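> Chains as they are written, first to last, in the working numbering: chain A, 1 to 163; chain B, 1 to 100; chain C, 1 to 355.
These are calculated hints, taken from the structure and not from any lab test.
Straight-line alpha carbon distances no greater than 35 Å define the calculated DSBU-like cross-link-like pairs of lysine-lysine that follow:
id: 1; chain 1: C; residue 1: LYS149; chain 2: C; residue 2: LYS70
id: 2; chain 1: C; residue 1: LYS149; chain 2: A; residue 2: LYS78
id: 3; chain 1: C; residue 1: LYS66; chain 2: C; residue 2: LYS38
id: 4; chain 1: C; residue 1: LYS332; chain 2: A; residue 2: LYS161
id: 5; chain 1: A; residue 1: LYS160; chain 2: C; residue 2: LYS149
id: 6; chain 1: A; residue 1: LYS161; chain 2: C; residue 2: LYS149
id: 7; chain 1: A; residue 1: LYS78; chain 2: B; residue 2: LYS99
id: 8; chain 1: C; residue 1: LYS149; chain 2: C; residue 2: LYS66
id: 9; chain 1: A; residue 1: LYS161; chain 2: A; residue 2: LYS78
id: 10; chain 1: C; residue 1: LYS70; chain 2: A; residue 2: LYS78
id: 11; chain 1: A; residue 1: LYS160; chain 2: C; residue 2: LYS332
id: 12; chain 1: C; residue 1: LYS38; chain 2: C; residue 2: LYS17
id: 13; chain 1: B; residue 1: LYS99; chain 2: A; residue 2: LYS161
id: 14; chain 1: B; residue 1: LYS99; chain 2: A; residue 2: LYS160
id: 15; chain 1: C; residue 1: LYS66; chain 2: C; residue 2: LYS17
id: 16; chain 1: C; residue 1: LYS149; chain 2: C; residue 2: LYS332
id: 17; chain 1: C; residue 1: LYS38; chain 2: C; residue 2: LYS70
Note that this is a predicted model, so its numbers are computed, not measured.
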Amino acid sequence: MTVLFYICAALAILAALNVIRQRTPVYSALSLIVVLCALALVYLLLGAEFMAVIQVIVYAGAIMVLFVFVIMLLNAGKETSRQRSRLARWLGVPLVTAFLAEILIAVWSQFPPVAASPPPPPDGSPAAIGTLLFRSYVLPFEVTSILILVAVLGAVVLAKKEF
Amino acid sequence: MVPLSHYLALSAILFVLGGAGFIIRRNMISVVMCIELMLNGVNLAFIAFSRFRGNLDGQLFVFFVIVVAAAEAAVGLAIIIAVQRNRDTLDLEDVDSMKL
Amino acid sequence: MGTFSETTVLLAVAAVKIAFVLVFLLTAIAYLTWLERKVVAHIQARWGPYLVGPHGLLQPVADGIKFIMKEDIVPLEADRVTYWLAPFLGFVLAFLSIAVIPFGGSFTFRGLRIQAQITDVNVGLLFVFAVTSLGVYSVALAGWSSNSKYPLFGALRSSAQMISYELSLGLAVVGVIMMAGTLSLRGIVDAQSGFWHIGRVNTWLPHWNIFAQPLGFFIYFTSAVAETNRVPFDLPEGETELVGGFHTEYSSMKFAMFFISEYANMVTVSCLATLLFFGGWHGPVFGPALLQVLLPVFWFCAKVFCFLFFYIWMRGTLPRFRYDQLMSFGWKFLLPLGLLNILLTSLAIAWHEAP
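Same shape as in the complex, but just chain A (with noise of 0.2 Å):
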């Protein structure tokens, strides 16, 4: 089982470098999906089998392919690399480094990796989650179905070709 979990971490990080190093962008939505998927592994690792389904029957499923859509239609081909200041190539990688290091000493220093029994892990199941959804979180599930409306007619709008 931790084995699992540490198989699909690195596959997502390596796909996830490869979102980032990819200059077609066909490649980079591919290695996102990639990555979608290993997160939905993970979440399945921790139980949560409802959101596990629900990444990739709406995000790896629905939104990726909303992008490739958009991808092919518009034709996107290869990024060209232009002259850029050296000083930023030579800073970039380090400073991201310095970054990832800062944030994962907060983490560690705030949750040491100390084995100690957490609690029993919460019912993942539709059931429970339709139950709070339903009670507990009904006015955030009604202003994002208002959400999505308002985003359904802003991208119709925005995409038409003429008014």
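Got chain A sorted already, so can you dock chains B and C onto it with the hints?
Just chains B and C now, with coordinates in the frame of chain A:
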């Protein structure tokens, strides 16, 4: 039993990689994809906390984050399509002034 | 089974089940192609494959050999990675959803409880939908990577059609889920055992969901036919019939993989239709213990066969939808109908359970 800090470390790495990609990439669509990567890093942190605290609120929040990410991706991509139609480029370096 | 650890036994049983199911499924798909050609031919008043083997029964073997030996042509400007990825992705995904489909009841074998299912997941139905959602990529990537006009348009239309009908597919089964109270496929079938009762009176009508959810079944099956890109929704595939849509630029084994994954999707959809609406493996069971184990599997296969025959029958009979008719049918007719179905089902359940 994988300790919580390992999950948070993975979340932090994904977030930082997304942030770095957001700054590095010049194709507009890739930039929005790096935003999605950052959101996924955060989702993982929420679900890890939900597991280690024993209540479902973290997972509910991830539900809403996914919904909002979907709406944002739709509108963002529509904006990118409109920009490409007007300026005939997908390169962020070329879209640096309000004048057409 | 005392000498091996429990995990080893579990993995061994799963491996045997996987091997069995894969072999059975691949043979079934091969002979499904034969059946399709025969049935469509007889509908069109001709013979169909006749020469290779008795009544053309060896035709799938001949087709397989042909596919292996054909020249593999790759377009010069095709995008390498996605060109190779698309058919394999479609192939893998088409077979992945079989993992959660139950074929029959459970039985005991030397003290080991074995279910006629590779694995029973709590969210089995959602898993099948997840795999279907990912299947859009194989179509879209195939068309894009071929770097040619017709495949690109065919792929875009086909994937737009698939994601539109995924919505009605999901909504159609919500009624079934509400009635069964669980997302596990075995649970949904178990909720359909027995007979319908009106008050105390036993109507000898099996407790199948089709009698309670006819509208849901109609929406589900129509969306499923659209999802698998079959007639009458196969415009993206056979539009300018000379050019084949998203798989135009593919040849030999990769084309065969698209073909096989289309049929595997048909089989998956038919299996789901029997599980969700027609009681899965429930049917008259009698006889000795071995027969009691095999008969449910036989009933399941018989029901799935009826659906596959219906699919092929539709192919031989119906004309195809125009693309705009297809999209407006999915969004403006099936989607509101699915929502109406959910509303009616929830009202019926609430009224039924009201004190």
